[in-house]
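Please construct the entire structure, taking both the sequences and the accompanying hints into account.
Chains as they are written, first to last, in the working numbering: chain A, 70 to 320; chain B, 70 to 320; chain C, 70 to 320; chain D, 70 to 320.
Keep in mind that the hints were calculated from the coordinates and are not lab data.
Heads up, a few of these hints could be off.
No farther apart than 27 Å at their CA atoms in a straight line, the calculated lysine-lysine pairs in the DSS-like style are these [stated by the list, open to error]: (1) A:K177 <-> B:K157; (2) B:K256 <-> C:K100; (3) A:K177 <-> D:K100; (4) B:K157 <-> C:K177; (5) C:K256 <-> C:K100; (6) B:K100 <-> C:K207; (7) A:K207 <-> D:K84; (8) D:K157 <-> A:K157; (9) B:K94 <-> C:K207; (10) D:K256 <-> D:K207; (11) D:K157 <-> C:K177; (12) A:K94 <-> D:K256; (13) B:K100 <-> B:K84; (14) A:K100 <-> D:K256; (15) C:K94 <-> C:K177; (16) C:K157 <-> B:K177; (17) A:K100 <-> D:K207; (18) C:K157 <-> C:K256; (19) B:K256 <-> B:K207; (20) A:K256 <-> A:K207; (21) B:K94 <-> C:K256; (22) A:K256 <-> D:K84; (23) A:K177 <-> D:K157; (24) C:K207 <-> C:K256; (25) C:K177 <-> C:K157; (26) C:K100 <-> B:K100; (27) B:K84 <-> C:K177; (28) D:K207 <-> A:K256; (29) C:K157 <-> B:K207; (30) A:K84 <-> A:K94; (31) A:K157 <-> B:K177; (32) A:K84 <-> D:K207; (33) D:K256 <-> A:K84; (34) C:K94 <-> C:K84; (35) C:K157 <-> B:K256; (36) C:K157 <-> D:K177; (37) B:K84 <-> B:K94; (38) D:K177 <-> A:K207; (39) A:K177 <-> A:K207.
Listed below are the residues making up each chain.
Number of protein chains: 4
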Amino acid sequence: MQHILDGNRRWVASKLAEDPDYFQKLAVGQKPRYLFIGCSDSRVPGSAITGTAPGEMFTHRNIANVVVNTDLNLLSVLQYAVEVLEVKIILVVGHYGCGGVAAAASNKQYGLIDNWLTNVRDVVRLHETELLRIADPKLRMRRLVELNVIEQVRNLAKTNIIQNAMRGANPPILHGLVYDLADGLLKDLEVDNSTFADLQHIYGTEAPEEEATAATPVAEASAPFIAEEDSSAYEGPKHDPVQGIPASLAE
Amino acid sequence: MQHILDGNRRWVASKLAEDPDYFQKLAVGQKPRYLFIGCSDSRVPGSAITGTAPGEMFTHRNIANVVVNTDLNLLSVLQYAVEVLEVKIILVVGHYGCGGVAAAASNKQYGLIDNWLTNVRDVVRLHETELLRIADPKLRMRRLVELNVIEQVRNLAKTNIIQNAMRGANPPILHGLVYDLADGLLKDLEVDNSTFADLQHIYGTEAPEEEATAATPVAEASAPFIAEEDSSAYEGPKHDPVQGIPASLAE
Amino acid sequence: MQHILDGNRRWVASKLAEDPDYFQKLAVGQKPRYLFIGCSDSRVPGSAITGTAPGEMFTHRNIANVVVNTDLNLLSVLQYAVEVLEVKIILVVGHYGCGGVAAAASNKQYGLIDNWLTNVRDVVRLHETELLRIADPKLRMRRLVELNVIEQVRNLAKTNIIQNAMRGANPPILHGLVYDLADGLLKDLEVDNSTFADLQHIYGTEAPEEEATAATPVAEASAPFIAEEDSSAYEGPKHDPVQGIPASLAE
Amino acid sequence: MQHILDGNRRWVASKLAEDPDYFQKLAVGQKPRYLFIGCSDSRVPGSAITGTAPGEMFTHRNIANVVVNTDLNLLSVLQYAVEVLEVKIILVVGHYGCGGVAAAASNKQYGLIDNWLTNVRDVVRLHETELLRIADPKLRMRRLVELNVIEQVRNLAKTNIIQNAMRGANPPILHGLVYDLADGLLKDLEVDNSTFADLQHIYGTEAPEEEATAATPVAEASAPFIAEEDSSAYEGPKHDPVQGIPASLAE
Numbered sequence: 070m071q072h073i074l075d076g077n078r079r080w081v082a083s084k085l086a087e088d089p090d091y092f093q094k095l096a097v098g099q100k101p102r103y104l105f106i107g108c109s110d111s112r113v114p115g116s117a118i119t120g121t122a123p124g125e126m127f128t129h130r131n132i133a134n135v136v137v138n139t140d141l142n143l144l145s146v147l148q149y150a151v152e153v154l155e156v157k158i159i160l161v162v163g164h165y166g167c168g169g170v171a172a173a174a175s176n177k178q179y180g181l182i183d184n185w186l187t188n189v190r191d192v193v194r195l196h197e198t199e200l201l202r203i204a205d206p207k208l209r210m211r212r213l214v215e216l217n218v219i220e221q222v223r224n225l226a227k228t229n230i231i232q233n234a235m236r237g238a239n240p241p242i243l244h245g246l247v248y249d250l251a252d253g254l255l256k257d258l259e260v261d262n263s264t265f266a267d268l269q270h271i272y273g274t275e276a277p278e279e280e281a282t283a284a285t286p287v288a289e290a291s292a293p294f295i296a297e298e299d300s301s302a303y304e305g306p307k308h309d310p311v312q313g314i315p316a317s318l319a320e
Numbered sequence: 070m071q072h073i074l075d076g077n078r079r080w081v082a083s084k085l086a087e088d089p090d091y092f093q094k095l096a097v098g099q100k101p102r103y104l105f106i107g108c109s110d111s112r113v114p115g116s117a118i119t120g121t122a123p124g125e126m127f128t129h130r131n132i133a134n135v136v137v138n139t140d141l142n143l144l145s146v147l148q149y150a151v152e153v154l155e156v157k158i159i160l161v162v163g164h165y166g167c168g169g170v171a172a173a174a175s176n177k178q179y180g181l182i183d184n185w186l187t188n189v190r191d192v193v194r195l196h197e198t199e200l201l202r203i204a205d206p207k208l209r210m211r212r213l214v215e216l217n218v219i220e221q222v223r224n225l226a227k228t229n230i231i232q233n234a235m236r237g238a239n240p241p242i243l244h245g246l247v248y249d250l251a252d253g254l255l256k257d258l259e260v261d262n263s264t265f266a267d268l269q270h271i272y273g274t275e276a277p278e279e280e281a282t283a284a285t286p287v288a289e290a291s292a293p294f295i296a297e298e299d300s301s302a303y304e305g306p307k308h309d310p311v312q313g314i315p316a317s318l319a320e
Numbered sequence: 070m071q072h073i074l075d076g077n078r079r080w081v082a083s084k085l086a087e088d089p090d091y092f093q094k095l096a097v098g099q100k101p102r103y104l105f106i107g108c109s110d111s112r113v114p115g116s117a118i119t120g121t122a123p124g125e126m127f128t129h130r131n132i133a134n135v136v137v138n139t140d141l142n143l144l145s146v147l148q149y150a151v152e153v154l155e156v157k158i159i160l161v162v163g164h165y166g167c168g169g170v171a172a173a174a175s176n177k178q179y180g181l182i183d184n185w186l187t188n189v190r191d192v193v194r195l196h197e198t199e200l201l202r203i204a205d206p207k208l209r210m211r212r213l214v215e216l217n218v219i220e221q222v223r224n225l226a227k228t229n230i231i232q233n234a235m236r237g238a239n240p241p242i243l244h245g246l247v248y249d250l251a252d253g254l255l256k257d258l259e260v261d262n263s264t265f266a267d268l269q270h271i272y273g274t275e276a277p278e279e280e281a282t283a284a285t286p287v288a289e290a291s292a293p294f295i296a297e298e299d300s301s302a303y304e305g306p307k308h309d310p311v312q313g314i315p316a317s318l319a320e
Numbered sequence: 070m071q072h073i074l075d076g077n078r079r080w081v082a083s084k085l086a087e088d089p090d091y092f093q094k095l096a097v098g099q100k101p102r103y104l105f106i107g108c109s110d111s112r113v114p115g116s117a118i119t120g121t122a123p124g125e126m127f128t129h130r131n132i133a134n135v136v137v138n139t140d141l142n143l144l145s146v147l148q149y150a151v152e153v154l155e156v157k158i159i160l161v162v163g164h165y166g167c168g169g170v171a172a173a174a175s176n177k178q179y180g181l182i183d184n185w186l187t188n189v190r191d192v193v194r195l196h197e198t199e200l201l202r203i204a205d206p207k208l209r210m211r212r213l214v215e216l217n218v219i220e221q222v223r224n225l226a227k228t229n230i231i232q233n234a235m236r237g238a239n240p241p242i243l244h245g246l247v248y249d250l251a252d253g254l255l256k257d258l259e260v261d262n263s264t265f266a267d268l269q270h271i272y273g274t275e276a277p278e279e280e281a282t283a284a285t286p287v288a289e290a291s292a293p294f295i296a297e298e299d300s301s302a303y304e305g306p307k308h309d310p311v312q313g314i315p316a317s318l319a320e
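This is the structure we're talking about:
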């Protein structure tokens, strides 16, 4: 522990040497431009590898930088970052040589974490064809790391938090990056809107008010996967609308 | 509330009329044969629709009978049912006309639950080709209900709880069923081991002890998706084994 | 499995004997009056023990009927039941002889479920003084089962779902009940609003719109635990309001 | 984004200037000594404020540095860090001026995150008497930040992961720290074993094997809160042991 406290003292001294008011300025409040979602791996400290200063990057780190759509830990970070702090850019950052991804590609059990790693195995399943085309196992693993990042960016885009923010005044931009332990460089996977557009007909949703507003044209991409009049009627007569239950949920 | 208490009194009276020792016998302990994972829908009470008596069926019910691999609520139910109670049969029971599945197939937002329903949208994504082949939207929705059940059974099979139990003395049997609100009948989807076998090379894992036992032949299906010697070395020289880190996790 | 299918057939036959249109009527839609949150224990099937019919009771069951405030499984059930289905009455139903509560009161490990049972141990901690006053261990355990139910009802009342519904046109009523395996009877713990009122100054929250409405007097009970002007300024000068960050979150 | 990539390039250049083999060495593997659990706040980057280098600190960051005992995200980080990486020291690091803690002490709703913040309100409830004794609201808030850290360290100690590691060959040491935005200094809250000892009779558990080993004396502190022979018999005669159900769970 003394190592930690000493390191802290050195860091404070170095900051004060640069700017005697450094901490007073920071204590005023945060207005980070970035949300960083990265791996817990000790070799991938987000602010160091991106050269960002304290105050610039709101951060969540977990094993294998996974975005689980029912994980209230990450969802709280995301909702707060997007809706309250209004971050401009969201980065999902994986890294080649990720132990979590490697464990998911292995057939070993490591205990409770196996449940978490299932999320990465789901990426393997979705992209098995592409992965199997890569004969070199090292390159195949690198591609899995990249595909894992791309799918986690997609998982962000599946949330109503992001979908609503995308229709707001300042839509955040989502990026997928991979950090290479071997040379320290970040590689932009160039995930862009087309990454989500091809799944929008499945995951795209509209907030209730938006539908009601004639001025807001409902994008074609957000058409329901199965039309409501059909979905609500398929196993019997329509229920009494007096009951006030939304038809698509009331069956 | 009086309605509930009255209903309870009537039920107690009817049970005592059948057997004056009914409750004393039940209070001795539970040894359920079944684990039932079903929908929260009020029209699908598990024990009623299966004609099972109190004591027969350990039960978890959530919206759209979803098995999320990082949901400690359901995982606790599953681990306790399989490892402590040693249930013999696990049933995932969906139902045609499921409001949760219909909501997931729509493009509407319903609030916090949207996050949960992403799990069903993931089923749509996995089986989009098959679903699009079904022109009739009512039939397409029915098929989605079935596919959702099948994928949730698969999600069970992805857990180390089930995988280890499958190699134990009394492997549980997994079933997927759909209940039809229109006629009250349960339909067996005939999910069997082949439902998991085709994904075993991705999700299959072995407990550490099992690997070490020469007497336990490691099934071919549990070979790693990417061989360890490759996964651990792909971005640089192998680390010093003195460090004692499992190679596949240490990168 | 045949046992399940046979039981289902018998049940369908008995229902059709009572009313040939039974299933057509039910398939029209659900409008349940109750949300039942109970234990997974096989001996506590919610609809049977309450004498309620299919269609009356939306249901969630987990180990030891626990309400975890970050559990998206239960929160989704709750939000859907309260906001979409507009249930009138919410029942948390524990039972004497609960294996989960007994396990939490023991010092044994059962695996992954230990994490879940920590929620019950937290109830022990909150009520240790009262529990220790009960010399008879059987009675002490019965009281723990009751206190667990009461705390889970409180956990419901902590959610913004319930807090907002309580200020709506049709506030749901929360009840805590214990089922006695030994005689089949449900006991009402008579949890009422005072159960929450004493914690309202800690957990009470207001939706943003409500605050703004002068017509909605903010109840005294919802005063902040620490006043905002103090909470936001304590470690430095107030940040620039131009940044548009809510003061209490921006520090 | 270019800002991020530029910052990354500058960082790589500075590292290579110090040591041309810097990245090759790091890529070999990680063997972090620390697990850092901190807040997502952009002003509290863990490795910077502790002056630790890449490779030293495995990291999880969420809103208000909360340890939820049913959060598979954090539990996976913890299990992997403790059991696979065998970290020596676990740090829970809060910070004065934490927006999450301030939000929890307010009576405002912020959306989905409200559910997460309930964890901090639970800390207020546990320590209300102490907090109310502090008249100055700024000091009261600072104390809440500290108490939140202490309770999160306790939440770690409640897990079977930590409890089992504590009985292992290399028990990890748990520390609670608070970072002060106003001066950059880390303060050690001097949480030590007595912090857990007073709750051990409630949360202490033993793995099954340990109990069986006569050589391992079961510490008095791990006696069950309610003795098993009482807990298992209180609502009826003991069940038939032939059924093979552990008595304390079988009721």
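Hint check results:
For the suggested pair A:K177 and B:K157, the alpha carbons sit about 26 Å apart, so the restraint of at most 27 Å is met. Between B:K256 and C:K100 the CA atoms are separated by roughly 25 Å; this keeps the pair inside 27 Å, and the hint holds. Proposed proximity of A:K177 and D:K100 is supported: the alpha carbons are some 20 Å apart, at most 27 Å. Among the hinted pairs, B:K157 with C:K177 is consistent with the structure: their alpha-carbon atoms are about 24 Å apart, no more than 27 Å.
With a C-alpha separation of about 26 Å, the suggested pairing of C:K256 with C:K100 holds against the 27 Å cut-off. The straight-line distance between the Cα atoms of B:K100 and C:K207 is roughly 22 Å, inside the 27 Å bound, and the hint therefore holds. Distance check on the hinted pair: A:K207 and D:K84 sit about 26 Å apart at the alpha-carbon level, within 27 Å; holds. With a C-alpha separation of about 37 Å, the suggested pair D:K157 and A:K157 falls outside the 27 Å cut-off, and the hint is violated.
Restraint check for B:K94 and C:K207: satisfied, since their Cα atoms lie roughly 19 Å apart, inside the 27 Å limit. Between D:K256 and D:K207 the CA atoms are separated by roughly 17 Å; this keeps the pair inside 27 Å, and the hint holds. Restraint check: the Cα-Cα separation between D:K157 and C:K177 comes to about 26 Å, which is no more than 27 Å; the hinted pair holds. Only pairs whose Cα atoms come within 27 Å are accepted, and A:K94 paired with D:K256 is accepted, the gap being roughly 20 Å.
Proposed proximity of B:K100 and B:K84 is supported: the alpha carbons are some 20 Å apart, at most 27 Å. As the CA atoms of A:K100 and D:K256 are separated by approximately 25 Å, the hinted pair is consistent with the 27 Å bound. A distance of roughly 49 Å separates the Cα atoms of C:K94 and C:K177; the hinted pair therefore is violated under the 27 Å criterion. Simply put, C:K157 and B:K177 have alpha-carbon atoms about 24 Å apart, close enough for the 27 Å limit, and the pair holds.
Taken as a hint, the A:K100 and D:K207 pair is honoured in the structure, with Cα atoms around 22 Å apart against an allowance of 27 Å. Pair hint C:K157 plus C:K256 holds up; C-alpha atoms about 20 Å apart against a cutoff of 27 Å. For a cut-off of 27 Å, the pair hint linking B:K256 to B:K207 stands: about 17 Å separates their Cα positions. For the suggested pair A:K256 and A:K207, the alpha carbons sit about 17 Å apart, so the restraint of at most 27 Å is met.
Among the hinted pairs, B:K94 with C:K256 is consistent with the structure: their alpha-carbon atoms are about 20 Å apart, no more than 27 Å. At most 27 Å may separate the alpha-carbon atoms for a hinted pair to count; A:K256 and D:K84 meet this at roughly 18 Å. About 24 Å separates the Cα atoms of A:K177 and D:K157, which keeps this hinted pair within 27 Å; it holds. A C-alpha spacing of about 17 Å is found between C:K207 and C:K256, which places the hinted pair at or below 27 Å, so the restraint holds.
Only pairs whose Cα atoms come within 27 Å are accepted, and C:K177 paired with C:K157 is rejected, the gap being roughly 39 Å. Annotation: proposed proximity of C:K100 to B:K100 is violated, straight-line Cα distance about 34 Å (limit 27 Å). A threshold of 27 Å between alpha carbons decides the hint, and for B:K84 with C:K177 the separation of about 35 Å lies outside it, so the pair is violated. The hinted pair formed by D:K207 and A:K256 fails the criterion: a straight-line CA distance of about 44 Å is larger than 27 Å.
For the hint linking C:K157 to B:K207, the alpha-carbon distance of about 31 Å lies beyond 27 Å, and the restraint is violated. Of the supplied pair hints, the one linking A:K84 and A:K94 holds, its CA atoms being roughly 12 Å apart against a limit of 27 Å. A C-alpha spacing of about 26 Å is found between A:K157 and B:K177, which places the hinted pair at or below 27 Å, so the restraint holds. As the CA atoms of A:K84 and D:K207 are separated by approximately 26 Å, the hinted pair is consistent with the 27 Å bound.
For the suggested pair D:K256 and A:K84, the alpha carbons sit about 18 Å apart, so the restraint of at most 27 Å is met. Simply put, C:K94 and C:K84 have alpha-carbon atoms about 12 Å apart, close enough for the 27 Å limit, and the pair holds. Restraint check for C:K157 and B:K256: not satisfied, since their Cα atoms lie roughly 33 Å apart, outside the 27 Å limit. Between C:K157 and D:K177 the CA atoms are separated by roughly 26 Å; this keeps the pair inside 27 Å, and the hint holds.
Of the supplied pair hints, the one linking B:K84 and B:K94 holds, its CA atoms being roughly 12 Å apart against a limit of 27 Å. A hinted pair counts as satisfied when its Cα atoms are at most 27 Å apart, and D:K177 with A:K207 does not qualify at roughly 51 Å. For the proposed pair A:K177 and A:K207, the alpha carbon gap of about 18 Å is at most 27 Å, so the pair holds.
The earlier numbered hints that this structure contradicts are 8, 15, 25, 26, 27, 28, 29, 35, 38.
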